[in-house]
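Participant: Following the hints, position chain E with the ligands against chain V.
Each chain, letter by letter, is given below.
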Amino acid sequence: MENKVNEKIFKPKIVGFLCNWCSYTGADLAGTSRMKYDESIRVVRVMCSGRVDPTFVLKAFKEGADGVLICGCHPRDCHYHEGNYKCLRRYHLLKKYIIQMGIEPDRLRLEWISASEGAEFAKLVNEFTQKIAELGPSKVKQNIETFS
Amino acid sequence: MKPKLNLAVYWGAACGGCCVSVLDVHEKLFTIVEHANLVFWPIALDTKYKDVEQMPDGFIDLTLYNGAVRNSENEHLAKLLRKKSKILVAYGSCAHMGGIPGLANLFNKEEIFKRVYFESESTINPDQVLPQPHYKVSEGELEIPEFYNDVRTLAQVVDVDYYLPGCPPQTERLVEVFLAIVNGEQLPPKGSVIGAKDKTQCDECKRKKSDNKLVKEFKRPWQIKDDGETCFLEQGVICCGPATRSGCGVRCVEGNAPCRGCYGPPPEVADPGAKMLSAIATMIDSNDPNEIQKAIDTVVDPVGTFYRYSIPFSILRRKLL
Ligand code: SF4
Ligand code: SF4
Ligand code: SF4
Ligand code: FES
Numbered sequence: 018m019e020n021k022v023n024e025k026i027f028k029p030k031i032v033g034f035l036c037n038w039c040s041y042t043g044a045d046l047a048g049t050s051r052m053k054y055d056e057s058i059r060v061v062r063v064m065c066s067g068r069v070d071p072t073f074v075l076k077a078f079k080e081g082a083d084g085v086l087i088c089g090c091h092p093r094d095c096h097y098h099e100g101n102y103k104c105l106r107r108y109h110l111l112k113k114y115i116i117q118m119g120i121e122p123d124r125l126r127l128e129w130i131s132a133s134e135g136a137e138f139a140k141l142v143n144e145f146t147q148k149i150a151e152l153g154p155s156k157v158k159q160n161i162e163t164f165s
Numbered sequence: 555m556k557p558k559l560n561l562a563v564y565w566g567a568a569c570g571g572c573c574v575s576v577l578d579v580h581e582k583l584f585t586i587v588e589h590a591n592l593v594f595w596p597i598a599l600d601t602k603y604k605d606v607e608q609m610p611d612g613f614i615d616l617t618l619y620n621g622a623v624r625n626s627e628n629e630h631l632a633k634l635l636r637k638k639s640k641i642l643v644a645y646g647s648c649a650h651m652g653g654i655p656g657l658a659n660l661f662n663k664e665e666i667f668k669r670v671y672f673e674s675e676s677t678i679n680p681d682q683v684l685p686q687p688h689y690k691v692s693e694g695e696l697e698i699p700e701f702y703n704d705v706r707t708l709a710q711v712v713d714v715d716y717y718l719p720g721c722p723p724q725t726e727r728l729v730e731v732f733l734a735i736v737n738g739e740q741l742p743p744k745g746s747v748i749g750a751k752d753k754t755q756c757d758e759c760k761r762k763k764s765d766n767k768l769v770k771e772f773k774r775p776w777q778i779k780d781d782g783e784t785c786f787l788e789q790g791v792i793c794c795g796p797a798t799r800s801g802c803g804v805r806c807v808e809g810n811a812p813c814r815g816c817y818g819p820p821p822e823v824a825d826p827g828a829k830m831l832s833a834i835a836t837m838i839d840s841n842d843p844n845e846i847q848k849a850i851d852t853v854v855d856p857v858g859t860f861y862r863y864s865i866p867f868s869i870l871r872r873k874l875l
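Heads up: the sequence lines are chains V and E, in that order.
When we follow this note's numbering, the leftmost residue of the first sequence carries the number 18, and every step to the right adds one.
When we follow this note's numbering, the leftmost residue of the second sequence carries the number 555, and every step to the right adds one.
Each statement offered as a hint is correct.
Restraint-style ranges between C-beta atoms, simulated for each label pair: (1) E:S626 <-> V:T49: 58 to 68 Å; (2) V:R59 <-> E:G738: 45 to 55 Å; (3) V:P154 <-> E:E695: 35 to 45 Å; (4) E:K770 <-> V:N37: 29 to 39 Å; (5) E:E808 <-> V:S133: 50 to 60 Å; (6) E:K668 <-> V:T49: 56 to 66 Å; (7) E:P743 <-> V:D94: 42 to 52 Å; (8) V:M64 <-> E:G803: 37 to 47 Å; (9) E:K770 <-> V:S133: 29 to 39 Å; (10) E:Q740 <-> V:F27: 48 to 58 Å; (11) E:E627 <-> V:R59: 39 to 49 Å; (12) E:D855 <-> V:D94: 28 to 38 Å.
No more than 30 Å apart at the CA atoms, straight line, and that leaves these computed lysine-lysine pairs for DSS-like: (13) V:K112 <-> E:K663; (14) E:K637 <-> E:K602; (15) V:K53 <-> V:K28; (16) E:K767 <-> V:K76; (17) V:K112 <-> V:K158; (18) E:K633 <-> V:K79; (19) V:K113 <-> V:K140; (20) V:K76 <-> E:K848; (21) V:K76 <-> E:K744; (22) V:K76 <-> V:K148; (23) E:K751 <-> V:K76; (24) V:K79 <-> E:K663; (25) E:K873 <-> V:K112; (26) E:K602 <-> E:K690.
One side only, chain V facing chain E, incomplete, derived with CB under 10 Å: (27) E99; (28) Y102; (29) H109; (30) L110; (31) L111; (32) K112; (33) F164.
To be clear, the hints were calculated from the coordinates, so they are not data collected in a lab.
Using N, Cα and C, we set each Cβ at its ideal position, and we do this for glycine too.
Bound-form chain E, shown alone:
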């Protein structure tokens, strides 16, 4: 019998959804534990950081790191797991492109703290207490991770072997990738996106498309009576299918919601949002600057729409400070 793989799953700045997508293998978990020892997985196991620190370098065969890098703890674990792992996979949109936490790059640390600890409707903080990385109490010094100014992708912090995209990734894709590693299949070149395809969502989408995508204005999904059959763009609703890699099975459109781009850009697209922005602008049915501006007024939030999962990964990475 082949020796078992050592497998680790870790969450950085994550929502937990990626770890749940691993749990979603359901009965295939038996297949996984048949081939692998789960050596570190905070959502499910009580392994401590110091246990990981004591592992020899390269002890872990495969680490799935989900979540972005937002604080010193995320960074420390990213570096530690890099050292301890033969293959490090950026798992999910947050690790791959910054994801939803990456939207915080529209603000800086001070703005976020002010909002969260002073202003938010659910906060009562008369003493204006802010988190301190180090705090002395009679029992000794307490330490919490330092909150960074920027949210970064995993690859902006450590060397990454593969990217498995999605918010969260389709569980089936994970199982495929895992079995390929177990079976010793030839792995793609380092730096590849795995568990996804090279086409766009539109290539796989079953909705009816014509050549006419011209519109006078853009609508929010709730403003149309979706016929369930026609391409969202042709109904005037922004769908990120044209600038998004396929692999999820167009699951949002199948569920009658437009694609928001969580699988990231297709190959050769450097900046997913710029590509989308270009596609959307070209659809405007006017050559008159004023009319064009009017149509653009209906694209309420370009950053949040075209870069929902990818601000840290994008060319500009964050709002100017």
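The shape of chain V in the complex, shown without the other chains:
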């Protein structure tokens, strides 16, 4: 019963790292086209998904993010040629690390969003928010605060 109540009031906090050239433009398109997507996401614009240092992701969790979404250009479309591949490689290794640290792997997601994929972006945010809502609040921040 109590769980149900909590589930209702739990509003996931999601940090989204979006590359400037494709994904951010895609998100912008969703906005200008007045597509509705969940307000859970806080967008951080980066020049390229290859700029997303694993430290950014860990800091986001530390500051209380319940989920982290990274979006970059589709394969072969990265403005800097290789950035999204670098991101992909880091993403897989980072996942393995967070699993070892007890964080549910589904809290971290990487997707490719092009400049024209506004609708896909909106759908992705909604889906991801739903997934995080099912997982419930992340315990990382609390875990660090009660560290003694």
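Facilitator: Same frame as chain V, now just chain E with the ligands:
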């Protein structure tokens, strides 16, 4: 003649190696005792805790605290020595970043006790006895320190003036730092890492490096025939040189073993493991998710490899409970 310094060396959750690294000053010990009174050093002297308690505040000029903070005794002494010392140095990887004992932050207290007191192959404990902080016997009450759930760095418990990294620190670095203090040299700003440099291990490493570090898989050191000359990374073996501060003289690589990161991150790197993880992942020679995953399967233990000395110091600090 200048008045002598009062010097203390203490071990918290330590292996003893740091204290031995102080003993390793060998004949320079005479230089040290010429300039300093050793007022507290459990490995070598029989000073009692109550003797330290009776010292006036700030009586000790320099304390080298090695070891992490794992139990109430470590914490008590950390706080006591902080009060009694003008300069408190976190000496060695354990005090600096949690070190090897910090790996225990992958478990909690219950899991550790279960393993150690019930399950370990060398344990016979039919009565399932566990350590009790307080225990009454006919002679009175016995007390042992309380074992905490988390391992912490020294700076997570008390205010620290300097960090002298290494597992253990290079003895030469200690002597340099000590003499600088004795000679009244201008000390670096509070909170600095001392006895180390600002570059990375790779900057000082003599192994041959090219621009091509791409690999399909990672190997354990025993899986390669090390040629003794080529950068370990280029031979597919993970070496933490790129994310590790120099100062040890690249002593592991000089001994043909990859660096494991005990000197901690170079300046401006918040999380040593994340930096290393990033460098290693970028080396994977594929753009295909399945192939990438295969390569990552060969990084057997990311936490133990990239955070071997630094879990408590890292952004996440411990495994989620
Ligand atoms: S830093 Fe290394 S040598 Fe020093 S106490 Fe810790 S484990 Fe031992
Ligand atoms: S990675 Fe290791 S072997 Fe290669 S240059 Fe750096 S310290 Fe030397
Ligand atoms: S080479 Fe690396 S692991 Fe070895 S002593 Fe130096 S910093 Fe520590
Ligand atoms: S610019 Fe979009 S991923 Fe590199």
